[in-house]
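> Put together the whole structure using the sequences plus the hints.
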Amino acid sequence: KERMRKTRDETTFGTPIDEDMLTTEFDFEKNLALFDKQAVIEEIQSLKPDVVRQA
Amino acid sequence: EINLMDELTLKGVTQFYAFVQERQKVHCLNTLFSKLQINQSIIFCNSTQRVELLAKKITDLGYSCYYIHAKMAQAHRNRVFHDFRAGLCRNLVCSDLFTRGIDIQAVNVVINFDFPKMAETYLHRIGRSGRFGHLGIAINLITYDDRFALHRIEQELGTEIKPIPKVIEPSLYVAEHHFEEDDEGNISK
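If you're matching them up, the sequences are chains A and B in order.
Going left to right, the first sequence walks through residues 1 to 55 as this note's numbering numbers them.
Going left to right, the second sequence walks through residues 1 to 189 as this note's numbering numbers them.
Where hints are given, some of them may not hold.
In silico DSS-like cross-links for lysine-lysine, where the CA-CA straight-line distance does not exceed 30 Å [what the hints assert, rightly or not]: (1) Lys37(A) to Lys166(B); (2) Lys11(B) to Lys6(A); (3) Lys35(B) to Lys56(B); (4) Lys35(B) to Lys37(A); (5) Lys11(B) to Lys37(A); (6) Lys30(A) to Lys117(B).
What the hints contain is simulated information worked out from the structure, not anything from laboratory work.
In structure tokens, the structure reads:
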């Protein structure tokens, strides 16, 4: 678990701050398009009965 | 038993999410800093280690910040929080320390750099105690792994976290853009 945490921290903070990061805006729209919230929620809800059964 | 959750409200706080990959979070935060009209901000991480790592990154990006977390001595924490409240620094990075919501009027932006797992934690981070309820925005950086927590927290708190728009309307969180309607329907600043 500790190793997983470390790997995650390295992923988050390991990228050096370069000119590109400082001068290029993060593209919110492009990234939002990669996540269909409604579809994800419907998928989670469709999983629920199984979770209840297991419990 | 007093239920602290009853004292907190999300009223007046507009909640958004930005979808990110873990490695994009620092870049995303830098863009938020440059685009938002921050009076004061609080940025939450899910561990003390990440609080320290993020505080260093923010400093490297050229912004000033304070940080506090649970492993710091109480007296030190109090001092930092006191100075932040006094307006000595614009940004505060922290882990989950607040049990009654943020009671600092000047904080108009809260950022969940790490999305919490529990609804109660979310409410403690974003919610305002009733007497201080006022305008602000909360921005949640959401990764694909956070999808279950996002759904659960929305359900449990009966709230909606919307996708971050291209432009965030200043009237949602910037004091001088806040127009209030009085009892007679007159609009005043």
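> Against each hint, give a clear statement of whether it holds in the structure.
The hints, checked one at a time:
For the hint pairing lysine 37(A) with lysine 166(B), the CA-to-CA distance comes to about 17 Å; that is within 30 Å, so the pair holds. At most 30 Å may separate the alpha-carbon atoms for a hinted pair to count; lysine 11(B) and lysine 6(A) exceed this at roughly 37 Å. For the suggested pair lysine 35(B) and lysine 56(B), the alpha carbons sit about 21 Å apart, so the restraint of at most 30 Å is met. Pair hint lysine 35(B) plus lysine 37(A) holds up; C-alpha atoms about 24 Å apart against a cutoff of 30 Å.
Among the hinted pairs, lysine 11(B) with lysine 37(A) is consistent with the structure: their alpha-carbon atoms are about 23 Å apart, no more than 30 Å. Among the hinted pairs, lysine 30(A) with lysine 117(B) is consistent with the structure: their alpha-carbon atoms are about 26 Å apart, no more than 30 Å.
Violated hints amount to a single one, hint 2; each of the other numbered hints is respected by the structure.
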